[in-house]
Each structure stands twice: as C-alpha cells, then as structure tokens.
Amino acid sequence: MEKLIDRSDFLKLIDNGDTLLVGGFGLSGTPLTLIDELAASDKKDLTVVSNNLGEEGRGLGKLLLTGCLKKAKGSYFTTNRDAVQAWSDGKLEIELVPQGTLAEAIRCGGAGIGGFYTKTAVGTKVAEGKEEREFDGETYILEKAIKGDVSLVKALKADTLGNLVYDHTGRNFNKVIATAGKIVIAEVDEIVEVGELEPLEIVTPHVYVDYVVKNKYEKKGGKYIGS
Amino acid sequence: MEKLIDRSDFLKLIDNGDTLLVGGFGLSGTPLTLIDELAASDKKDLTVVSNNLGEEGRGLGKLLLTGCLKKAKGSYFTTNRDAVQAWSDGKLEIELVPQGTLAEAIRCGGAGIGGFYTKTAVGTKVAEGKEEREFDGETYILEKAIKGDVSLVKALKADTLGNLVYDHTGRNFNKVIATAGKIVIAEVDEIVEVGELEPLEIVTPHVYVDYVVKNKYEKKGGKYIGS
Amino acid sequence: MGLERIKIAKRVAEELSDGEVINLGVGIPTLIPDYLGDKKVYLQSENGLLGMGPTPDDEDINMDLISASKKPITMDTGASLFDSSDSFVMIRGGHVDLAVMGALQIDQYGEIANWAVPGKTILGVGGAMDLVAGAKRIIIASRHLAKDSSPKLVKELTFPSSGVRKADMLVTEHAVFKFTDNGTELIEILSDMSVEELRKITGADFTYGDE
Amino acid sequence: MGLERIKIAKRVAEELSDGEVINLGVGIPTLIPDYLGDKKVYLQSENGLLGMGPTPDDEDINMDLISASKKPITMDTGASLFDSSDSFVMIRGGHVDLAVMGALQIDQYGEIANWAVPGKTILGVGGAMDLVAGAKRIIIASRHLAKDSSPKLVKELTFPSSGVRKADMLVTEHAVFKFTDNGTELIEILSDMSVEELRKITGADFTYGDE
Chain B
1 MEKLIDRSDF LKLIDNGDTL LVGGFGLSGT PLTLIDELAA SDKKDLTVVS NNLGEEGRGL
61 GKLLLTGCLK KAKGSYFTTN RDAVQAWSDG KLEIELVPQG TLAEAIRCGG AGIGGFYTKT
121 AVGTKVAEGK EEREFDGETY ILEKAIKGDV SLVKALKADT LGNLVYDHTG RNFNKVIATA
181 GKIVIAEVDE IVEVGELEPL EIVTPHVYVD YVVKNKYEKK GGKYIGS
Chain P
1001 MEKLIDRSDF LKLIDNGDTL LVGGFGLSGT PLTLIDELAA SDKKDLTVVS NNLGEEGRGL
1061 GKLLLTGCLK KAKGSYFTTN RDAVQAWSDG KLEIELVPQG TLAEAIRCGG AGIGGFYTKT
1121 AVGTKVAEGK EEREFDGETY ILEKAIKGDV SLVKALKADT LGNLVYDHTG RNFNKVIATA
1181 GKIVIAEVDE IVEVGELEPL EIVTPHVYVD YVVKNKYEKK GGKYIGS
Chain S
2001 MGLERIKIAK RVAEELSDGE VINLGVGIPT LIPDYLGDKK VYLQSENGLL GMGPTPDDED
2061 INMDLISASK KPITMDTGAS LFDSSDSFVM IRGGHVDLAV MGALQIDQYG EIANWAVPGK
2121 TILGVGGAMD LVAGAKRIII ASRHLAKDSS PKLVKELTFP SSGVRKADML VTEHAVFKFT
2181 DNGTELIEIL SDMSVEELRK ITGADFTYGD E
Chain R
3001 MGLERIKIAK RVAEELSDGE VINLGVGIPT LIPDYLGDKK VYLQSENGLL GMGPTPDDED
3061 INMDLISASK KPITMDTGAS LFDSSDSFVM IRGGHVDLAV MGALQIDQYG EIANWAVPGK
3121 TILGVGGAMD LVAGAKRIII ASRHLAKDSS PKLVKELTFP SSGVRKADML VTEHAVFKFT
3181 DNGTELIEIL SDMSVEELRK ITGADFTYGD E
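Protein chains in written order, with the numbering used here: chain B, 1 to 227; chain P, 1001 to 1227; chain S, 2001 to 2211; chain R, 3001 to 3211.
Read the hints as simulated data drawn from the structure, not as lab findings. Keep in mind it's a predicted model, so treat the numbers as computed, not measured. Hints may be right or wrong, so weigh each one.
Within a straight-line C-alpha distance of at most 27 angstroms, the following computed BS3-like cross-link-like pairs (lysine-lysine) qualify [claimed, not checked]:
| id | chain 1 | residue 1 | chain 2 | residue 2 |
| --- | --- | --- | --- | --- |
| 1 | S | K2070 | B | K157 |
| 2 | R | K3147 | P | K1125 |
| 3 | P | K1147 | S | K2070 |
| 4 | S | K2155 | B | K125 |
| 5 | S | K2155 | P | K1144 |
| 6 | P | K1073 | R | K3070 |
| 7 | B | K73 | B | K44 |
| 8 | S | K2040 | P | K1182 |
| 9 | S | K2178 | S | K2200 |
| 10 | R | K3071 | P | K1157 |
Between the sequences and the hints, there should be enough to build the whole structure, so can you do that?
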C-alpha cells in the first residue's frame, strides 16, 4: 500500500510551530499512536485544534506532560486538570470555541469556504469582537474557517487506496478534520483490500488521505490496551 | 407507519406561493410521484429550488407544462428547452446559482447558518451585487442560506421511523434538502421495518422526515416505468 | 439529595412527548430515561448519534460508542450515526425537539448561564451554546439553589450568558416555572412549600395563577 | 472533426499522473479515459461519486448511478458515494488534483469563460465555477477555433468570466499552451502548422522557446 508509512516516519511530517487538527471526542476516535510519537518527540510550539485534550496523561493529555504545546483550540478543556493547570501557569494558550462552531469551522476550512454566520453564541462572551449580522431578522455571528498544517485522524479501517471508515461515534470530528489539513495522516486499526469497503459506507474518500499509519494498540474489552 | 401518507394527501401540505426544495439531479433521485401530483393540481405561484428542472415533460419539467411555477432557482436549466422558452416568454423567473453554492446554501438553511463566504464565482456575473470579503488574502463572496416551505426528497428506502437511504448518486441534493424545509416529505421505493437499515448506512436520520409517500412507479431496467 | 434529583428528572419526564427527539445534558437530565414509562423518545448525542440506548453490559462496552458525557452507551433499534458537523446541523438547525440541560443561573426571562462562573477559569463550553441556540424547546432541570445556597433563578444574570435564546421552562425540586416575554410564571409547586416560602428562596419575581 | 477531438483528448491524457483524482467536464474531456494506457486515475463526478467507471452494459443501467453529464456509469473498485454538499467540499476545497474542461474563450493569462455567451440566454452554470475556483490544476481541452472560426484564445475575454482563478494549460488540436503571470507560452505544436501560422489563428500573443 502506497500511502502506508511506519509510525516512526510520522514525525518527519511535523514541523515545530505547526497547527495540528486532531480527531477525537475524549479518547474515542483519537489517533493514540500518533500522539505517542509526538509525546516522545522534541517538537515544540505546536497548536492543537481538537474538541478537547484527552484525559490527564492519556490521548492528547500526554502532550501536556511534554511541553510541546503552545496552544489548544477546542470546546472543552475543563475536565483535564493538566490543561487547566498549564493554562493557569501561563504555559498553554487556550481558545474556546463552541463544539458545533468548531466542527463547522473545520469543515469550512476543507471546503473552500472562508467563513460562516452562525446563530450559536450570539450575545455571549464567545461572540465578543466577532461581527454580528442579521439574516431574515435573526442575528448571527461571523466565524472563520479553521485549517491545519497537518490533520491526524483515527479510523477503524483503511483500504489500500486510503478510503476510511470509522467505528460508531469514533467518527466525530475525524470526517471534517480529514478535509482540512495540508497533510492528512490516518491512524487505523486495520488495513483491508480495496473493494472490501462498500461505496456507501466509506465516510472519508481516499482523496483526502495522504498517509496511513497502523495503530500500535489492540482493542480488547472495548478499550485500546496499554494506551 | 405513522409518517406514511397517501400520495393524494400530499397536496394538502402545499400552499400557493410556497417555496419547494426538490431533490434530484436530472431525473435521478427525483420525487417523480410527488411531482405528478403537483402537475395535476391547481397550485400556483410556486418557487422551485432544484439543481435543474428535469427534462422536457419529465420530472420537474412537467411543472413547466401546467404553469404552476413562478420561479426556479438552480444551477442548470439550459438543456430543458421548455424552461428556456418559459423564461424567454417572461412566464418563469430564473435565478442561477453555481451547483456547489446551491448545495452549500441549502445545507446552511438546515443548519442554523445564515450565510457563508465561498470562493466560487468570485469575479463573475454571479457575484454581482454580492459582498466580497478577504480571508487570509483570498477573496470570497457572501451567499445566503436557502430554506424552503416544503422539501420533497426521493429515497430508495425508508424504515418505519422515517430513516432514509438513497440509491447511489440518487443521493445528490436530497440529503441537504431533507434538512432545510419546514415540512419534509420523502417519496420512497420501499418501506422496511425499523432495524433493517444499518446505523452506519442511514444518510437522513428520521428526525428530518415528516411524511413518507410510496412511489407509484416501479423501477425496471434501471428506469421508473411510465414516469 | 439523590432523591431530589430524581424528583426533578421525573417531573421533566412528564413534559416529554412520544416520538420526540431529545438531547439530554450532563447531570440530572441523564436520569430522565428511567422515568419515561411507555413513552418512546429518541435521544440525540452531540458526538454523533441519534437513538442512544441504555448503558451496555461490561462485555459490550466499546470506547468508540459513547455519549456526549463520554460514557459507554448502546444503540436503539433505528439509530443512526453521523459526524460532528452533521450532528450540529441537527442541533443548531432546529431539528431537536427538546434539550434538557442544567444551569448555573437562569434570569427571569429564561436566559441561561450554564458554562462559566465569573472570576473562575473558563475552559469549557462544549455543545451548550449550540443547544441553547438551536433546540426547538429548552427545559432547565436544576436544583433550586446553588451549592452556596444562592437562588439559581435570578432577576439578572451575574454569570456569563449562554446565548440570547431563552429557556421555556425550569424544573427544580420545589417548583415548575414557565418563561414568557413578561417574565417568570410559577405553574406548579412540587414540594410542601407555600408560594411565599418559595418566593423567599427565589431570586426573581414570578407570577402565580390569577395574581 | 472527431479525430481532432480525439487528438486533443490523447494529448491531455499525457498530462495525467498515476493516482490523480480528476474531474472531467462534458465534451472532449469525456474521451480522455480511453487514452490513459496503464495510468490509473480516479474520476470524480460532481453529483456525488469518486471512482467513476466505464459505461455499463444495457442490462446494468441504473438511472440513479449516473455521471454529472447524466449518463449511466459504473463504479470502479474503491469508489465512494457522497451527497452534493460533500462533493463540492471535495471540489471547492482544493482536493481534486485536476479538472479538465472545455471553454468558450480563454484569455492570455488563462482566465476562463465557459458558461455563458454575451447576448444569449444564460440559464446554466452547473458546477463549472466551483471547479474553476477549486481544482488544484486546470487544463482546458478545446478546439482551437470556435464554430464561427474566431479564436478561443484571446487577449481579453469578451464572454463572461467563470472566475478569477486561471487555467494552467490549454490543449487544442494545434498546440499546447501554458499560462503564467506573464501571459501565454506555446510549449508544443501538435499539427503541421508553423508558429507563424499558429499566431494567425490565435487571438492572444504568446511566447515560444527562447524568443
């Protein structure tokens, strides 16, 4: 398979200062193997755009222990005490975006759309400094598209072309994130022959995927053992 | 099945002057039965938003023979001579929208988004009178969301809850149109028991569907006979 | 304490109608499914599922089939899966019949504050503002008083607002309130309090009956 | 006439690289798949398919599996289906490697006019402007002259533009041109014309070789 790379080659695709879009909701649909590589690297000044930063010491939470993050942009960091601490200590910038706005902004980033007017967050602190506009008598705020240097997604299976399917709610942000990075890397549990995925079941067509890395963790009892 | 109505009851849901969003690309994925009911009715001043107006005397093209249309909004009417004629005769207003802008505007209409900035059509006649704006050095134009009074979609199957799946490229505009009408009516070839459609294969979740009408045409040799 | 949460959940459950699509927030709202009786509703989970079923047995847990509270769940018959952007098309686009959520404060017109506390770290908003903006109907399910014994229903918010869209109803362990453009209306007392006692522990004025 | 269309298609086919995702417009571009030889490319159809295969046998025709030209098609192994909005995420978002399309006119910098004729009914644009705005690379495949014998490659467009984004290349039955910020460059002559003869039937100036 042409797009398949070894996980040890993944770091070559990441530069200091990059903005990474990372799929996942909590630890579900999260590229745990790629995050491990990042956590073990000397990369720095990274910005991560993801719904949250995993849990303490798990998933994206591992990156808080190594100091490679400059900024996190997402919807919910409160439950990760390491994130709150890093922010309190001035070691991590945080930009809060409502969950639906985050998903939509990333989708726009991959869709040739520069920005959109959403009804979410009108009249709140999140809307401060953002342009308001009325359409048909309703007020909306302008949100800008989000793009990344590199997108990291986690799929259940890739076929040898790079078509992706996801595991249940593990789909979450992965579909849009796969469209919005200059380089897109998919971590997968399994690689199947082209033709084994049904045209109707493919969620991410192969055109979006540049590289595929095999997950180093095995799922047992519904969890990735040792992750 | 609660949402199932007879096709003869469909017209009660349509008022003169309504804006109808109609799925389909050419004749594919088009609610042919519902269109027949409209064509045989005395409805008037309807606006149809659809990629095109079917073919001469077929699909949405039938509505050009009855004079129920005031306006058509879509991306491609050139190949339907009846549409061109009606427009030339001043009997039909036409508003031309690039195909991708049409799909996106309808999606926004169903998504609580008031408008979006697209890179499509910048510097063309389509952009005249539309606001231009730069994001990261690129120019975009503002397009407004499109909503409808009634959405007519064509699916392959509905389950008894109203979940929908489509036939191959018959999906086209139907997915977004099912989200953007105040009333949404799905014409389907087949109704199956709830549970028969896989959670991963459902394209339109039942929450979007208000009514289901059984298609009166049968598909043979890849075409709906007699349509 | 637990009993009062259950009381609130039970009362909210009465407001749900058969066939509705509902999004349940964290905390008290998650107790509601246990008190639906014969009513069949469809639970939406903002991480990408319509038709959320009960908690699975241990052997059926899959960390990639979870709720918005990141708890393992199952799928009901007729469930569908979708990505986050489509999930918020559903929420923000006005397709969810009802959102039941908690609140830190509610003002007399039903404006909600449920994501941030003044002077404290504000590092989470999640899908709260999208639900506030988009759900067809909003019921706040909350204890009557905050942990510091201050009333949650207040004249004016002192906590940051979650959006200009107002809640329709507030259910606490003591009472059910309805919000209109004219302010708060008490529509039902759920405990042994008198209306006057209720006024004392409520931060906003409210009307009751013909008064 | 048909031979010259094939000649254009063959020459464009040489520009395609193995593994590319390509959108082919109506007319000459649809002939290209026959001349790809060993190269495997993936055809995108804007009505919602990546991996368009050849025309089916009569008995396998399905009116709900069609191309953007509304012709019956098949699916290649590895094909995927999606709705119109996702299809234009792919197109407008810059994910399609190459769009090959016809044109009514092209100006000296590669600006394309391919949807409307001045003074005539303008009732169709389809996905042309989205492809012009979004494809990574654009090749125009077109006869050198219009039906009225006017040159298609011109100094300035007199037909309505399809967008500010420029084409990269023009392939006609006589020549291959490249467009840069400096104007048009002739890179190959495909017929027995001399450069001077070619200049006579071309409406824009162009450079050639070291000149």
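Right, here's what the structure says about each hint:
A C-alpha spacing of about 22 angstroms is found between K2070/S and K157/B, which places the hinted pair at or below 27 angstroms, so the restraint holds. Between K3147/R and K1125/P the CA atoms are separated by roughly 24 angstroms; this keeps the pair inside 27 angstroms, and the hint holds. For a cut-off of 27 angstroms, the pair hint linking K1147/P to K2070/S is broken: about 34 angstroms separates their Cα positions. For the hint linking K2155/S to K125/B, the alpha-carbon distance of about 20 angstroms falls within 27 angstroms, and the restraint holds.
Taking the CA atoms of K2155/S and K1144/P, the gap is about 37 angstroms. The hint is violated against a cut of 27 angstroms. A distance of roughly 19 angstroms separates the Cα atoms of K1073/P and K3070/R; the hinted pair therefore holds under the 27 angstroms criterion. Pair hint K73/B plus K44/B holds up; C-alpha atoms about 16 angstroms apart against a cutoff of 27 angstroms. Restraint check: the Cα-Cα separation between K2040/S and K1182/P comes to about 23 angstroms, which is no more than 27 angstroms; the hinted pair holds.
Using a Cα cut-off of 27 angstroms, the hinted pair K2178/S and K2200/S holds, with the two alpha carbons roughly 18 angstroms apart. For the proposed pair K3071/R and K1157/P, the alpha carbon gap of about 23 angstroms is at most 27 angstroms, so the pair holds.
When each numbered hint is compared with the structure, violations occur for hints 3 and 5.
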